[in-house]
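Enquirer: One letter stands for each residue in the lines below.
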Amino acid sequence: MKIGVYVCECGSNIASTVDVEDLVEQAKEFPYVEVSRVYKYVCSDPGQVLIKQDIEEKQLDRIVVAACSPRMHEPTFRAVLEDMGLNPYVLEIVNIREQVSWVHDDKSKGTAKAASLLKGAVLRASLMHPLERKKVGVTHNALVIGGGIAGIQASLDLADMGFDTTLVEKSATIGGKMSQLDKTFPTLDCSQCILSPKMVDVNRHPNIDLLALSEVVEVDGYVGNFKVKIKKNPSYVLADKCTLCDDCVPVCPVIEHDEYNQGFSPRRAIYIPYPQAVPASYLIDPNSCLGIDPLICSKCKDVCGPEAIDFDMKPEIIEKEVGAIIVATGYEPYPIENIGEYGYGTIPDVISGLDFERIVSASGPTDGTIRRPSDGKIPKTVVFVHCAGSRDPSKHLPYCSKVCCMYATKHALQYKHLVHDGTAINFFIDIRTAGKDYEEFYQRAAEEDQVIYIRGKVSEVFQDGDKILVKGADTLTGETVELHADLVVLATGLMPSAGTKEIASLLNLSVGMNGFIREAHPKLKPVDTAISGVFVAGTATGPKDIPDAVSSASGAASRAAGILAQDELEIEGTVAQVDEDLCRGCGLCAEACPYSAIEINAINKYGHALRVAFVNEALCKGCGSCAAACLNGAINQLGYTDSQILALIGALGEE
Amino acid sequence: MSYEYLKFGKEEKDFIAKIEEISGQNIYSCYQCGKCSAGCVFSDKMDRTVSQLIHLIQIGQKEKVLKSNTHWVCSSCLTCSVRCPRDIDVAALMEAVREYCLREDYEKIIISEISKEALDKLPNIALVSNFRKKTG
Chain A
1 MKIGVYVCEC GSNIASTVDV EDLVEQAKEF PYVEVSRVYK YVCSDPGQVL IKQDIEEKQL
61 DRIVVAACSP RMHEPTFRAV LEDMGLNPYV LEIVNIREQV SWVHDDKSKG TAKAASLLKG
121 AVLRASLMHP LERKKVGVTH NALVIGGGIA GIQASLDLAD MGFDTTLVEK SATIGGKMSQ
181 LDKTFPTLDC SQCILSPKMV DVNRHPNIDL LALSEVVEVD GYVGNFKVKI KKNPSYVLAD
241 KCTLCDDCVP VCPVIEHDEY NQGFSPRRAI YIPYPQAVPA SYLIDPNSCL GIDPLICSKC
301 KDVCGPEAID FDMKPEIIEK EVGAIIVATG YEPYPIENIG EYGYGTIPDV ISGLDFERIV
361 SASGPTDGTI RRPSDGKIPK TVVFVHCAGS RDPSKHLPYC SKVCCMYATK HALQYKHLVH
421 DGTAINFFID IRTAGKDYEE FYQRAAEEDQ VIYIRGKVSE VFQDGDKILV KGADTLTGET
481 VELHADLVVL ATGLMPSAGT KEIASLLNLS VGMNGFIREA HPKLKPVDTA ISGVFVAGTA
541 TGPKDIPDAV SSASGAASRA AGILAQDELE IEGTVAQVDE DLCRGCGLCA EACPYSAIEI
601 NAINKYGHAL RVAFVNEALC KGCGSCAAAC LNGAINQLGY TDSQILALIG ALGEE
Chain B
656 MSYEYLKFGK EEKDFIAKIE EISGQNIYSC YQCGKCSAGC VFSDKMDRTV SQLIHLIQIG
716 QKEKVLKSNT HWVCSSCLTC SVRCPRDIDV AALMEAVREY CLREDYEKII ISEISKEALD
776 KLPNIALVSN FRKKTG
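Line by line, the protein sequences give chains A and B.
Heads up, the first sequence is in our numbering, so the first residue is 1 and it goes up one at a time.
Heads up, the second sequence is in our numbering, so the first residue is 656 and it goes up one at a time.
FYI, nobody ran anything at the bench for these hints, they're computed from the structure.
Among the hints, a few may not be true.
Stated by the list, open to error - The following residues of chain A were derived to be distant from chain B, with all beta-carbon distances above 10 Å:
| # | residue |
| --- | --- |
| 1 | L188 |
| 2 | K241 |
| 3 | P348 |
| 4 | L418 |
| 5 | A446 |
| 6 | D474 |
| 7 | E479 |
| 8 | T480 |
| 9 | L507 |
| 10 | I546 |
| 11 | E580 |
| 12 | Y595 |
| 13 | N601 |
| 14 | I649 |
To be verified - Computed list of lysine-lysine pairs in DSS-like fashion (alpha-carbon distance at most 30 Å, straight line):
| # | chain 1 | residue 1 | chain 2 | residue 2 |
| --- | --- | --- | --- | --- |
| 15 | A | K416 | B | K719 |
| 16 | A | K314 | A | K229 |
| 17 | B | K771 | B | K722 |
| 18 | B | K662 | A | K380 |
| 19 | B | K668 | A | K380 |
| 20 | A | K457 | B | K717 |
| 21 | B | K690 | B | K771 |
| 22 | B | K717 | A | K467 |
| 23 | A | K170 | A | K241 |
| 24 | A | K471 | B | K662 |
| 25 | B | K665 | A | K457 |
| 26 | B | K668 | B | K717 |
| 27 | B | K690 | B | K662 |
| 28 | A | K40 | A | K58 |
| 29 | A | K457 | B | K690 |
What the hints assert, rightly or not - Covered stretches of chain B (in silico footprint by chain A; criterion: 3 or more residues with CB under 8 Å from a CB of chain A, positions within the stretch not fixed):
| # | segment |
| --- | --- |
| 30 | 657-669 |
| 31 | 705-714 |
| 32 | 743-755 |
A virtual CB, placed ideally from N, CA and C, is assigned to each residue, including glycine.
Go ahead and model the full structure; you've got the sequences and the hints to work with.
Expert: Encoded structure:
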């Protein structure tokens with residue numbers, strides 16, 4: 001066996017705290033070391049050439065690189081080994097930058113630590129074996145969960161690339177929260193006008209299978225080969241027969257609050273969510289309909305000419321096989337009734353941001369005239385309270401919801417455009433307008449439309465006659481202020497939707513402290529998740545405005561296509577391996593596995609049915625949890641076997 | 656601390672409009688960065704900083720603006736106007752407030768009634784301001 005050792009100076013990053021020359025000399029004395037060298041940047045092209053020459057001239061068969069974290073350059077050096085005909089897994093990287101030079105000041109101690117780490121690595125390398133990368137096939141279909149703007153964009157992108165895509169939406173129509181918005185910042189173009197063409201595209205795209213009123217209930221399998229069960233809930237109206245004539249609606253005796261208009265207008269138990277809904281079909285709300293069970297009213301059915309109403313419709317389970325999944329399950333507004341001092345839910349003229357969107361909308365309950373809920377009067381003074389729920393780690397949401405500064409500014413601007421002699425006052429903590437043309441939008445609201453900004457938070461609001469008394473602070477003058485408003489709009493923060501939480505737990509996705517899905521890397525892998533083949537788009541990872549949600553969706557679609565476009569996928573060789581003779585089938589490993597990669601199967605051995613652990617190598621990430629959990633030592637983590645780790649620890653323990 | 660009551664009625668709106676008319680500036684262009692106050696050599700002599708005075712105009716607090724000494728301490732050195740990132744002629748705004756005071760006969764000072772002691776103590780700039788008040 002011949003081991004080559006390469007110590008990197010990383011400019012002065014390593015060399016300033018580790019005596020690299022000394023380290024190289026010490027390494028020459030370690031077992032099997034044929035050559036030991038130092039180089040300024042081993043990752044550079046000349047550095048790689050140095051290793052390649054040595055492999056050729058000195059017939060090296062194990063390589064140890066002492067440099068930065070393997071997260072940085074392991075792929076680089078593995079490629080070097082492969083180029084020279086060596087197995088890429090006979091490489092060991094010692095991290096003497098992040099774990100030595102960057103965290104120590106004392107050069108002699110730093111050098112000693114680096115030397116003992118390097119010795120351990122050399123001993124471990126001497127016990128390494130070539131590993132094999134296995135291949136699995138790929139199903140060229142995709143699943144997108146959630147039909148908001150992110151899910152719509154991801155589905156359209158994938159479908160345009162030629163992949164059959166199933167779009168699953170829980171509610172009766174796609175469109176999500178964006179369909180409820182009136183106008184969008186900073187251009188003030190109408191939200192429905194830019195959204196509905198995309199919704200129509202989804203409906204008529206030959207590669208998209210749209211399943212509305214549906215939920216993903218089970219996901220099995222692994223990257224390239226997921227098996228998905230989708231529950232399609234009944235709409236009780238046959239979409240292919242319904243002619244959208246609306247005859248059923250006036251005869252329905254049930255009156256409910258209309259969710260699309262935030263409860264400000266009525267709907268019947270049989271209804272269409274809104275005129276542009278996709279799929280365009282009526283549905284029956286089973287919770288309020290009198291007719292479904294037991295059948296005591298069938299007025300809608302009686303008047304339905306095309307006989308489209310079917311009270312016997314049952315939920316059905318649809319099974320799909322897909323190669324990649326995109327989670328676009330979105331957000332929901334923070335329940336601002338939790339902020340007692342702001343009076344939402346008790347004072348009728350205190351409304352949420354989404355409520356205001358409906359009130360200002362031409363398709364809303366007031367036909368685009370701004371009227372307050374209590375008495376329908378046009379408000380003359382409107383107070384917009386920023387950070388309603390956001391930036392409040394003690395009781396509510398700890399984070400900035402990112403879009404509220406802009407949408408509260410947009411609301412104030414829209415209000416001033418509709419009520420010219422009105423006064424719009426924004427109470428803010430900071431104005432955050434980071435986005436293309438956002439700052440200009442904010443300045444325009446102040447400069448051209450006289451929207452007033454007061455820096456300070458509102459402390460509380462009271463009903464005072466037919467007005468609302470707002471108590472706030474003006475930290476720029478250092479004074480406390482109060483004023484009477486006709487309407488108070490709370491710029492509500494964003495939190496992960498119930499669906500985001502459900503799907504995260506169904507798919508075993510890790511979530512952050514605030515319940516949003518955690519990205520594989522917050523900067524460099526923003527649309528990947530920890531699970532291969534599962535990507536995330538839109539506000540499921542955190543608050544986003546529409547442009548960000550759309551670009552993350554296109555990003556997720558292109559990442560998913562990277563998998564779907566392949567015929568087979570290579571799997572890392574560092575997976576867990578079970579010794580069936582030692583395994584007693586206790587199942588501790590399966591419990592320890594965070595990726596659901598281990599199953600306990602019965603096999604026939606020595607004429608007996610034995611329970612043994614079976615590792616699905618396509619799911620295994622090589623984390624080693626199972627190997628550590630196994631009481632019998634029956635699981636070996638390939639590339640990190642017990643003997644290799646013991647050799648490493650042995651070297652670290654030497655004086 | 657008592658609560659200051661904010662109103663945006665006719666009186667407030669007229670006041671804001673008048674200041675804007677005299678100065679030729681849009682008072683709502685100011686986003687309260689404070690650069691004018693930071694660079695003003697007389698900030699420590701003012702009871703409210705320049706940017707605070709502008710903010711009070713924005714929210715229609717006429718009484719507080721007129722009672723302040725800020726605009727009278729201002730010597731129109733124009734440092735604020737040159738440095739304003741929103742390109743507001745801040746000195747013109749100060750001048751507009753002075754003008755407004757004079758037109759309203761607000762705090763009219765009769766030079767001859769100032770005591771000799773006070774005259775000795777007063778800096779020249781204050782006297783110049785006082786002459787302005789008288790001539791207005």
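Enquirer: Looking back at the hints listed earlier, which ones does the structure fail to meet?
Expert: 5, 6, 7, 8, 21 and 32
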